[in-house]
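Using the hints, position chain B against chain A.
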Amino acid sequence: MGEITQYSYFPGCTLKTKAKDLDRYARSCAEKLGAELVEPENWQCCGGVYPMGSDEIGNKLSSVRALNDAREHGRELVTVCSACYHVIKRVNDDMANVPDIQKRANNYAEFDEPYTGETKVLHYLELLRDRIGFDKVKEAVTKPLAGKKIGAFYGCLLLRPSNILQFDDPENPSIMEDFISALGATPVRYQMRNECCGGYRRMENPELAQKLVGKIFTDARNAGCEELITACPLCWYNLNSYEGPDKLPVRYMTEVLAEALGILDEKPEAAELDGVSCGCMQDAGKEA
Amino acid sequence: MTPDEMKVRDYILKIYDGDVTKCMHCGKCSASCPAYGEMDIKPHQFPSYVAHGEIAALMDSKTIWECLGCSACVERCPRGVKPGKLIDGVRQAVIRQRGGSHLYPEQIPAMVDPETPQQLLVSVLRRERK
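Chains A and B, in that order, give the protein sequences.
No gaps in the numbering here: position 214 of the first sequence is 210 in the working numbering, and each next residue is one more.
Take any residue in the second sequence, note its place counting from 1, add 415, and you have its number in the working numbering.
These are computed hints drawn from the structure, not numbers from a lab.
Glycine residues also receive a C-beta, built at the ideal position from the N, C-alpha and C atoms.
Just to be clear, a hint being listed does not mean it is correct.
[Stated by the list, open to error] Straight-line distance between alpha carbons at most 20 Å, and here's what the computed EDC-like set of lysine to aspartate or glutamate pairs gives:
{"no.": "1", "chain 1": "A", "residue 1": "K144", "chain 2": "A", "residue 2": "D174"}
{"no.": "2", "chain 1": "B", "residue 1": "K477", "chain 2": "A", "residue 2": "E203"}
{"no.": "3", "chain 1": "A", "residue 1": "K12", "chain 2": "B", "residue 2": "E530"}
{"no.": "4", "chain 1": "A", "residue 1": "K211", "chain 2": "A", "residue 2": "E239"}
[What the hints assert, rightly or not] Stretch-level coverage of chain A by chain B, calculated; a stretch enters the list once three of its residues show a Cβ under 8 Å from a Cβ in chain B:
{"no.": "5", "segment": "154 to 166"}
{"no.": "6", "segment": "187 to 194"}
{"no.": "7", "segment": "229 to 241"}
[Unchecked claim] Between beta-carbon pairs, the in silico distance windows are:
{"no.": "8", "chain 1": "B", "residue 1": "K437", "chain 2": "A", "residue 2": "K99", "range": "26 to 34 Å"}
{"no.": "9", "chain 1": "A", "residue 1": "K211", "chain 2": "B", "residue 2": "P493", "range": "22 to 30 Å"}
{"no.": "10", "chain 1": "A", "residue 1": "H69", "chain 2": "B", "residue 2": "E521", "range": "38 to 46 Å"}
{"no.": "11", "chain 1": "B", "residue 1": "P520", "chain 2": "A", "residue 2": "E203", "range": "20 to 28 Å"}
{"no.": "12", "chain 1": "B", "residue 1": "A446", "chain 2": "A", "residue 2": "E203", "range": "18 to 26 Å"}
The following block holds chain A by itself, in its conformation from the complex:
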């Protein structure tokens, strides 16, 4: 598999806590595919939602610091969590194209060189497709998921606004379907794969989240999906906590990748690792 390429890797708050499988399989699969994910020191939570107010600076600084750290190491910045990707990529666009934000954020951050959006932000799916290549992923598959009908759940954060995220066609995306194909499974397209799961309204209006997720499951099941995959911990939570008809199993995309690459742990140890430090998690990822 050629030489190892290093990428800066921003795990985000939830991959250190509730979404440990998303994190550890991202690391172990990348390693198997010839990419090393290097976690920056002292990264801070992205905040979960992009601060839309045009005058907001403070809430963007954690992203700016992560982006600058990647630049200083000469690496591209990879995220798996849809929210981290969304926030960091939009902040990067601000730093490249909005002079007012660029100036004020740099005044605040005091880097050696002003940061002006130089770092390339990649979602893990883009790392697989554009850097490693889905053909190489396919070659590395040892347990093809043949016969499985898998639906991709994109949700909102990866796709919109498309003029800034430039991730995929916002109304008819295909990257996750191509990923599913590379693993030997059959991707099933359904209309509601780019709809909102209810997001943070789950907290105060759980009935709305249930209603939206129910529609998504019904649409996916009617299209022939047997399970769904997602890259977003909040989508995962909202989908998995649904109680109603048409519910399907929902897994993290990296877990499905690990299964196809033959490195899936039968017994996840995430529960035992609650509260442990970052270093321990890296070790756990390597063992997987």
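Frame of chain A, contents of chain B only:
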């Protein structure tokens, strides 16, 4: 519009940084909105409320808390109005006031379960508090 209302409207327009006069009331934003049924003032009504200075109604609306921030309206607006960003501008103007927060940390324990992801906590607190 009173001078005070004008001041608040200008503040919202500054946070929003868009052009409400571009809206042609086609309703595509409201048709796309997954939270439409939860809202009292609908997304396609926001630009004209702002243009006509009916700011207090927007600041008191249920809509500003029900918006999911999913950007379906922003993506599909044929005139680049960014209705979700305007709704967010009104919400920002509310939470930046003294005592304007919508959610308080002491309310959180009753709303979570053992699986609640941190992403949900940080997202909701960022949207609803200053």
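Hints versus structure:
| no. | hint | result |
| --- | --- | --- |
| 1 | K144(A) <-> D174(A) | holds (14 Å) |
| 2 | K477(B) <-> E203(A) | holds (16 Å) |
| 3 | K12(A) <-> E530(B) | holds (13 Å) |
| 4 | K211(A) <-> E239(A) | holds (12 Å) |
| 5 | 154 to 166 | holds (count 5) |
| 6 | 187 to 194 | holds (count 3) |
| 7 | 229 to 241 | holds (count 6) |
| 8 | K437(B) <-> K99(A): 26 to 34 Å | holds (28 Å) |
| 9 | K211(A) <-> P493(B): 22 to 30 Å | holds (25 Å) |
| 10 | H69(A) <-> E521(B): 38 to 46 Å | holds (41 Å) |
| 11 | P520(B) <-> E203(A): 20 to 28 Å | holds (23 Å) |
| 12 | A446(B) <-> E203(A): 18 to 26 Å | holds (22 Å) |
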